[in-house]
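Please arrange chain B on chain A, whose structure you already have, making use of the hints.
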Amino acid sequence: MFILQVYKLLDDKRFQESITRASNNARHGVSKALKENPWLEELAARIKEVGDQVISNLEHYIDKTITSLQRAGAGAHLARDSREALRIFDDLTPDVDLVVMSKSMAAEEIGLREHLEKRGVEVWETDLGQFLVQLENGKPMHTIAPAIHITRAKARRLLSRLGRDPGSEEPEKLAHAAREFLRGKILSAKTGVTGGNAIAADTGSLVLVENEGNIRLVSGVVEHHIAIVPVDKILPDLRTALDMVLVQSAYAGIFPPTYINVITGPSSTADIEHKRVLGAQGPRRLDVILLDNGRLRASKHPVLKAQLRCVRCGRCQFECPVWEKLANHWGGPVYGGPMGLNWTSIVHDPDLASELSFYCLLCGRCSQVCPVSIPLDDIIRWHRTRVWKEGHSGEN
Amino acid sequence: MVDPLRLGRMLADNTLRHGYPLPVDPQVITGWAAEAGLPQPRPGRPVVFTGALYQLTPYIEALVELVGRFRDPRIPSLGLRLASSLPWSSELLLTLLETPEVARGVRRAWGILGSIARLLREAGMRPAYAWEADLYSGIMLYDLGMDEEFAQQAQRVHKLLRERGVEKVITLDPHTTHALRDLYPRYVDGYGLEVQSYLEVIDPSLISTKGEAGEVTIHDPCLYARKAGVVEQPRRILAARGLRIREPQMSGVNTYCCGGPIEGLAPRLSRRIAETRLSQLERASKTIVTLCPICNANLRAAAGGRGDLRILDLAELVGNA
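Top line first, the protein sequences correspond to chains A and B.
Counted the way this note's numbering counts, the first sequence spans residues 12 to 407.
Counted the way this note's numbering counts, the second sequence spans residues 999 to 1319.
Only chain A is shown next, with the shape it has when bound in the complex (with noise of 0.2 Å):
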């Protein structure tokens, strides 16, 4: 029963003080981003605009952007749903051992290191807050800061496990020791997983964000590169693509990145007569998995609609006085807060979805700090409305 997690939630004091410590960082981070560089609201509007453009085309942009990735030599599929995108991998991957991923919700949409662990492969997550999270066997408490409830005492229980105590709890310790590991799994994995930022419609271009370089080294040193990418992070043009994950890291709070990566097909090199061939120092292989998974459909709903112009900064997860009490655990099985109560209804359960719209408080902070003025709110409200309904499963 949800109201029993809660209670243990709240009885919870550590975990109590570090999620309300990650959201003032949080809130912090924003405030100093946004602050220091006022443009970057302009960039957020301007963005919204893109997107709802976007959505109210999506087949379209999904065409087009399956002809620029082929175009650039990428493998692209559609995968309609998550079976559909788990099938597509394991055609992809028909002997592969050893999978290093960087963190992607969209993979954890689809459980895919819990599927590629039972085909029996070896998976290390890579970014340090997910690695910690597996390590755990988890679920990330934020979209962008997985492990923001893992102490570092927890987080030096878990490296010990690995038959590596990192000797302190001092994170840099930590730190060390978990890049010490994962460099060793990286250098020996020949596919790599990552998610996708943004996606040009118009080049094929994934971009990707990080601070930790670990996305460089999973899409840069493997043999096949792999990118899980939702149809709702398409962009009608690389220009906009490098805003939005502007715009999504400065309302993370991490601003300015410390990488962005843009990645329009494999590596190829044509410094021998002219001729191209792929695979230079980075990979041979780009395959990317565009995932629907509810995301076309929603774009035709009144309602749901506009949470697909959600760029995953997770501001309104650290503004949410519920948020802050109960972090992810309130939301869905894999997103969690005011947007991932949404999500949870366009990409699971909507029925999940309704149940958990109660505990909203429906105060509205979650709208007012959303950079594309998403009415997360009034969404979760719409979520109540269906309850009353007769026999309110499925669509209304």
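Worth flagging that the hints you see were computed from the coordinates, not collected in a lab.
By construction, the Cβ of each residue, glycine as well, lies at the ideal position given by its N, Cα and C atoms.
One or more hints might be untrue.
Said to hold, decoys possible - Residues of chain A placed beyond 10 Å of chain B at every Cβ, according to the derived structure:
1) 54
2) 67
3) 87
4) 97
5) 147
6) 173
7) 183
8) 192
9) 234
10) 335
11) 336
12) 361
13) 372
14) 394
15) 396
What the hints assert, rightly or not - Distance ranges between label pairs, derived from CB positions:
16) 248/A <-> 1158/B: 52 to 58 Å
17) 1187/B <-> 344/A: 41 to 47 Å
18) 1251/B <-> 182/A: 31 to 37 Å
19) 362/A <-> 1302/B: 46 to 52 Å
20) 1237/B <-> 273/A: 36 to 42 Å
21) 1165/B <-> 23/A: 51 to 57 Å
22) 1281/B <-> 199/A: 50 to 56 Å
23) 1097/B <-> 163/A: 46 to 52 Å
What the hints assert, rightly or not - Which chain A residues face chain B? A few, computed with CB under 7 Å, are given here:
24) 69
25) 73
26) 332
27) 369
28) 379
The following block gives chain B in isolation, referenced to the frame of chain A:
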């Protein structure tokens, strides 16, 4: 936890049948207006519309407490069985709620409403009151997603007010203001009421400067700040009375919820949120001004009778000069 479906049905049934979410004596809702000497509606005069929220808040608090007694998280199955077997929609429930404490709460609410009426007169206004039309706005039904029942109540309230020739309405709390101003036009064909909060119609330059000097902080209700644009007005009224305002962390459109809306469903979670808000407020001042009866009740509950804090409705602080 309260089953929101069961609770919603009870509130809706009562609202549509009695006009209020609980079958209270209408005198509980309207008695204050006779004491304040408000006249019946007359052409050209604005009408004060309470939407029954101030008067019903003590009952809501008692209901939440009653449900809480049946809901022990250590024995969830038993707690839930007991809670769901409560006589939700009957008059018996009301009997359980009619305690001396609730009666004191209603007296306090009447006092606040009377103070608001005096404040309006002091600012040169001549408000009237439409006894039979001062029903519950239905806002909780809207919040619960019961759009059909909310629409019925909205149409009924609108009809009653229009039948009495009412054109201008003065609301007293953020929920009723939001319902009548922002939501009713979407649910009532030919909606013809001009709605303003009392905080918006009072010209601070017309009210007397005598009053309680000192320093206060202010808790902006979410709906006033983010939906109705009522942020500066209460500050101007407090300043006119000579009070200095210390802004809390998170104010204006950035205000932080008191936790009230989920007190029935998840009382402990609601209380924690109220405690978080209270700590932000008390860092600014030990005198906290509220603009909504639900915020006031929640913050008081979170304060748990602490003697060093004063949590007062704006009208309690400035309305008695």
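Evaluation of the provided hints:
1. 54: 21 Å, holds
2. 67: 24 Å, holds
3. 87: The claim stands: residue 87/A keeps its Cβ more than 10 Å from every Cβ of chain B (closest is about 40 Å).
4. 97: 35 Å, holds
5. 147: Its Cβ never comes within 10 Å of chain B, the nearest being 24 Å, so this holds.
6. 173: 36 Å, holds
7. 183: 32 Å, holds
8. 192: 38 Å, holds
9. 234: For residue 234/A, whose nearest Cβ neighbour in chain B is about 49 Å away, the distance exceeds 10 Å, so it holds.
10. 335: Given a closest Cβ separation of 7 Å, the condition is violated.
11. 336: Non-interface label on residue 336/A violated, nearest chain B Cβ at 6 Å vs cutoff 10 Å.
12. 361: Its Cβ never comes within 10 Å of chain B, the nearest being 13 Å, so this holds.
13. 372: Check fails; 5 Å does not lie beyond 10 Å.
14. 394: Residue 394/A is in fact no farther than 10 Å from some Cβ atom of chain B, at 7 Å.
15. 396: Label violated. Min Cβ-Cβ 4 Å, cutoff 10 Å.
16. 248/A <-> 1158/B: 52 to 58 Å: Distance hint for residue 248/A, residue 1158/B holds at roughly 56 Å.
17. 1187/B <-> 344/A: 41 to 47 Å: Holds: the Cβ-Cβ distance is about 42 Å, inside 41 to 47 Å.
18. 1251/B <-> 182/A: 31 to 37 Å: 36 Å, holds
19. 362/A <-> 1302/B: 46 to 52 Å: Given about 38 Å between the Cβ atoms, the range is violated.
20. 1237/B <-> 273/A: 36 to 42 Å: About 54 Å separates the Cβ atoms of residue 1237/B and residue 273/A, which means 36 to 42 Å is violated.
21. 1165/B <-> 23/A: 51 to 57 Å: 55 Å, holds
22. 1281/B <-> 199/A: 50 to 56 Å: Holds, since residue 1281/B and residue 199/A (Cβ atoms, about 53 Å apart) stay within the stated range.
23. 1097/B <-> 163/A: 46 to 52 Å: 50 Å, holds
24. 69: This interface hint is violated because 28 Å lies over the 7 Å limit.
25. 73: 33 Å, violated
26. 332: Holds: closest Cβ of chain B sits about 5 Å from residue 332/A, inside 7 Å.
27. 369: 5 Å, holds
28. 379: Holds: closest Cβ of chain B sits about 6 Å from residue 379/A, inside 7 Å.
Going through the hint list in order, the structure does not satisfy hints 10, 11, 13, 14, 15, 19, 20, 24 and 25.
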